[in-house]
Amino acid sequence: MNTNKNNQINKYPTLSATLLNQSKKRIFPAIFAILFIVLTCSARTLFSETAENVLIINSDLSIKNYSLAQTGFKSIIPNPKGEINLGSKWKDTSEIEKRIREINPAIIYCIGIKAYLFARELKNDATLVFSSIINWRRLTLDENTYGISSELLPNVQLTMYHYLFPRTSKIGILYSKEYNEEWMNLAREDAEDIGLRLVGVPIGKKTNITSALKKLLNNVDAIWLTSDPMVLSKTDSVRDIFRQCDAADIPVFTYSEAFIDAGATLVISADIPTIGKQAARLALDLLSQKKRNEKVNTPAGSHISINLKKVQKSNLLLNTEALDSVNQIIQ
Amino acid sequence: MGMYGKIQHILSRACDHTIPHKKRLHTILSLVFVFLLSINARALSAGHKYTIYFYNPETNINNFASLKKEFDFYLSRFGGYQFQPFSERELFEKLITNKKDGIFIISSWHYKKLKERIPIEPIMVAITKNKSTCRRVFSTTRVISDISLLGGMNVASASSEDFTKNILVQMFGENKGNIAASIKILSVPKDIDALMSVGFGMADAAVTTDNSLTKLAGINRKLHDKLKQLLISDETLLPIVAIPKPLDENHLKLAKIVKDMETVAEGKNKLNMLGFDGWKTLNESEKEYLEKE
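Those protein sequences? They're chains R and V, same order as listed.
Going by the working numbering, the first residue of the first sequence is number -15, and it counts up by one from there.
Going by the working numbering, the first residue of the second sequence is number 239, and it counts up by one from there.
In short, the hints are calculated from the structure, not lab data.
This one's a predicted model, so the numbers in the text were calculated from it and none came from an experiment.
Treat each hint with caution, since some may be false.
[Said to hold, decoys possible] Stretch-level coverage of chain V by chain R, calculated; a stretch enters the list once three of its residues show a Cβ under 8 Å from a Cβ in chain R:
no., segment
1, 293 to 305
2, 418 to 427
3, 506 to 514
Backbone N, C-alpha and C fix where the C-beta goes; we use that ideal spot for every residue, glycine too.
With the rest of the complex left out, here is chain R (with noise of 0.2 Å):
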């Protein structure tokens, strides 16, 4: 009769037996979700420990350089407090504002110009420190901004002319008083330094570029085209120089990839991943209240590209012991 039950019991399985199993089945899964509450919540609190009080608000990641610059900055800092892409659509600034003021971070890494001016608006304490911004200088800078500019020193950019290129001894540059007198002075003296000589010639709101683009082309053995807000001023002044270059068989050197399809032969410029390490070497310095020399810091690496078809029709003698140096060429 027992065992009759026993067998009863065993087909059967009673209230009890049938929530035992069950709970058998739901233990391991009930671990795991506790497992993994615990550890998500360490995680963050891990994560919270270890990020920087840094806010990195990008212009647009969907440009290049500015995608670029982030990427350096967050290989010295990779785990900032919070990361804002403005973009190119509309986007509720009001959002974006109470996120910043919960982040509340001591240091807004600005990318871009339209990054920085909103960073400015926020009237909060923290402190700025600005990247890929074409002409700093026009900016008033507050004293608790920093940066770093986006323009090489004219010093660097002619000892990578000299080392590229040691036979071409005479640079020519058009340049406006108004803005780069100053600039140009330093400039020339630099040159000297490095046994090179700048042919300088100065130019108004009135000056005819084309001649005197033409007086300069006689006299020198390659252009250097400058950010020059005047020399820049027209599109047309500008294809009339490549243009010029081209037909007198004279190379440009400048200062932007931009202008490698109009017929750059060398293009110096300064490399972007590096201006976002030396953006986050700052961010750290002022995070422990290191004292800094200067505001605003220039680029310490360079990014160059070449045009051999140009080289060859320009017959200029270029080192190739310095090919390592190039980082782009164009056949």
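Position chain V relative to chain R; hints supplied.
Same frame as chain R, now just chain V:
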């Protein structure tokens, strides 16, 4: 029924729960088998290319697109060869662990770390100005007599952070490891950037090769003279060419193509892009250096 239609049909049958379990498993396994076979067939039909795998933590080479384009173009005249540069050490090591289809251009420092894990044999070493070695120099604009004063400095370097810290420990001495650890490395694209960074105040110091300092003397004497060479490392071998074991005919063929690059102007230009003038076969002392811990 098109190809995609057929696949959809087979999949729908495989997932049909009215089909017995065993039969469904067979169908799925057959599908996986056919898929693997098709991948293999595609790889075979594309033709196998022997590759030069390049990774050098001693230089922050970032012109990969140009390097690949230039080398591939040069190598194409010799047949199915290609050039594959790497910027990430982990990725490079992971990929080459089981690779037998190419040769490696790696730094001697990296070779010493790799040889324990991967069966490879060094055969050639790069040369610059007829030298197969270089030294690293720690330059600043100030004369500093006490190493402890270097702690916390911003040091510009075109080498990887790992490599630079390793060199710093060697330069400072093993007992000054904490000072080397406190150094903040600013990675810049090239040695000349590192030297200019110090000279023009963007960094406190630079770690570069002695060759780069010699070059700077020829380009910008004033800047060169401004730099004080505080510490100099031991001599290290320039990058080497290594071949995975067991060697086969294709490895040797590709190694010869690489060796002969210096004999033609076009090939030499490509080597210049890597920072070398040519190659030489390793002698006994160089081999000994590479096998030493």
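Do the hints match the structure? See the list:
| no. | hint | result |
| --- | --- | --- |
| 1 | 293 to 305 | holds (count 6) |
| 2 | 418 to 427 | holds (count 5) |
| 3 | 506 to 514 | holds (count 6) |
Taken one by one, the earlier hints all hold for this structure without exception.
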